[in-house]
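K.L.:
Read off the chains here:
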Amino acid sequence: MIYADNAATTRMSETAIQTMTSLMNENWGNPSSLYVHGQKAKEALEKAREEIASVIGANAREILFTSGGSEADNQIILSAAGLGEKNGKKHIISSAFEHHAVLHTLKKLEREGFEITLLDVHENGIVDPSQVEDAIRDDTCLVTIMYANNEIGTIQPIRKIGEICRRKHVLFHTDAVQAIGHIPVDVAADNIDLLSASAHKFHGPKGVGFLYAKKGIRLQSLIEGGAQERGLRAGTENVPGIAAMAAALKEAQEGMETAAAHQKKMRDKLIEGLKQIPHCALNGDAARRLPGNVNFCFEGIEGESLLLLLDDKGICASSGSACTSGSLDPSHVLLAIGRVHDVAHGSLRLSIGETITEEEADYIIRSVREVVEYLRGFSPIWRDLMSGKKEFIL
Amino acid sequence: MALYSEKVMDHFRNPRNVGVIEDANGIGEVGNAKCGDIMKMYLKIEDDIVQDVKFETFGCGSAIASSSMATELIKGKPLSEVRKLTNQAVAEALDGLPGYKMHCSVLAEEAIQSALEDYESRQGKPAEGAGT
Ligand SMILES: Cc1ncc(COP(=O)(O)O)c(C=O)c1O
Ligand SMILES: [Zn+2]
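Heads up: the protein sequence lines correspond to chains D and C, in order.
Once you know that position 131 of the first sequence is 131 in this note's numbering, the rest is easy, because the numbers rise by one and skip nothing.
Once you know that position 48 of the second sequence is 48 in this note's numbering, the rest is easy, because the numbers rise by one and skip nothing.
Excised from the complex, chain D in its bound form (with noise of 0.2 Å):
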C-alpha cells in the first residue's frame, strides 16, 4: 500500500506509540492526585507542555491541550469573539477556505450578530497581507487565517498578517494543524497570538491536540467541570496521548529539514509526472506549498471513481469531489480558488509521507495516467469536450 493521504492523518511514529504505551503501562495515575503514582503523570504532562512549547517558540504556561484541532479552533475563536464583544468588537476576518472547524464556528458567531469577513484567496490559494490590512475596521477582534491549507497545501504569509495585526492591535490566530510539524512554525517570530494544533497531522495519535494562547489573553473554557488546564478546560487530561504528541512533535522538528527536502523533491517529481496528462491543472501555488501536497483538478472524470481504482491499486488518496463528501458540491476549497463545478469535481490530492521513494512517486504518476485516461474513455463529458461540443476549461 502506498499511502498518500497524510493530509487526513498519518501513521503513528515508533517513537509515538512506545512513549503512549509506556504511559499506559507505567505512569497510569491520574496527574491531579497528590501521591507519588498521580505526581509522576503530572511529571510527564508538564514535560510535554514544556517540549512543545519550545517546539513553537512558546511558553509553557501559553500551551492547553485539547482534543484535537477543530477543539482548538472553536475554544480560541468562541474566547476571541467573547473578548471583543466585551468591548464592542463584533467583526472577524478570515478567508474563505479555511477548515470547517473554522467557518462553522464563524457561522455560529454570525448568527449571533457578529460580521464575518471572508477574503478572497484568489486562483494561487494564497490572501494577500494587503487584503487583510485593508479589511481591519475600528470593531475587528480578530483575524483567523490558517498557516497552510489542508486541501491545497498554499502557505500564508503569516508573519507579515501577524505583523499587521501587531500594529493594528486585532488578536491574531492561525489554524496550524497541517504545518506543525513539517514546516517551521515559531510564534514569537510569525507574531501569532493564538494557533491551533493537531497530534494526529504530525505522527502523533488521534483526539488529541493544543492550542497556544499569547500571555495575558484570557480563554474561555469550552467544557466545564474540574480545575484541569487552569480551569480552561475540565476533564482528566490524555496523558498518555499528550506525551506521544510531544515525542512526536519532537521527533518531527529535529528531521524537519531532511524529510522536507525529500518530500519537495518527490512532491515536484509528482507534479511534473501528472502535468503530462492532458487537461489537467495543479491547484494552488507551485512554490509556495507543503513540501507534501499535491493537488490536481482532472477535466472530463470524477473524482471517487478515480479513488476508487487508485485504492485498487494500491494508493490511498482524497478527492473534493461532491460525491465523497455527501453533498453534491464539490470542495469549498476548490470553489474558492475558482475552479468551476465541473472541473471542481475532478480533483485529487496526493499528500505524501516522509518515506515515498522515487519508485512509488512513479508508480503513482502512472497508476494515475491510466486511470484518467480509462475513465475519460467512457465520460459524456469528455466526449463532448472532444468532439467540439463543449469548450475545455483546463
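Hints in this document: simulated from the structure, not taken from any laboratory.
Check the hints yourself; a few may be wrong.
Derived lysine-lysine pairs resembling BS3-like cross-links, with alpha carbons at most 25 Å apart [said to hold, decoys possible]:
1) D:LYS42 / D:LYS250
2) D:LYS108 / D:LYS89
3) C:LYS77 / D:LYS313
4) C:LYS7 / D:LYS390
5) C:LYS7 / D:LYS389
The hints should help you fit chain C with the ligands onto chain D, whose structure is shown.
P.N.:
Okay, now just chain C with the ligands, sitting in the frame of chain D:
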C-alpha cells in the same frame, strides 16, 4: 467494511454495456456537471424490445455501477417492462447503496426514461430523428 457492496464494486470495476451505439434510436442524457454525475444512455429498440443498450457516465462509483446495472436490467426487455424500471430496482439489484448515494441510482432511472422518451418522440416524427 467497504463503502460499497461487492455487487456495486463488481459493476464499478467491470461495467457492462459501456460505450456508444452509433445507430441508436433513443438517446437520453441526465444530470449535470454541477452536481457531479452525468449519464448518457443509448437505446436500440426494435419491435418494442430493447435490442441493445449502452451507456457513458461521468460520475462516482455508485453512478457508474448504477448505469451498468440499469443497462443489464433492461437489455432484451420489452418496453412495457422498461417503463416500469425504478431506481429502487437498480439499487436492490446492486445489494443496496449508501443512503446519500441513492440520487446516483435515480439518475440511472431518469437516463433510461429520457432515452425512452427520445425514442417515442422520434417515432412521432419518424422522418427526422431516426438513425441520427
Ligand atoms: C486545517 C485543519 N484544521 C483543523 C482540523 C481538525 O483537526 P482534528 O481532526 O484534530 O479535530 C484539520 C484536520 O482535518 C485540518 O486539516
Ligand atoms: Zn454520485
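K.L.:
Does each hint fit the structure? Answer for all of them.
P.N.:
Verification of the hints:
1. D:LYS42 / D:LYS250: holds (19 Å)
2. D:LYS108 / D:LYS89: holds (16 Å)
3. C:LYS77 / D:LYS313: Roughly 37 Å between the alpha carbons, so the hint for LYS77 (chain C) and LYS313 (chain D) is violated.
4. C:LYS7 / D:LYS390: violated (34 Å)
5. C:LYS7 / D:LYS389: Since the Cα atoms of LYS7 (chain C) and LYS389 (chain D) sit roughly 35 Å apart, the hinted pair is violated (cutoff 25 Å).
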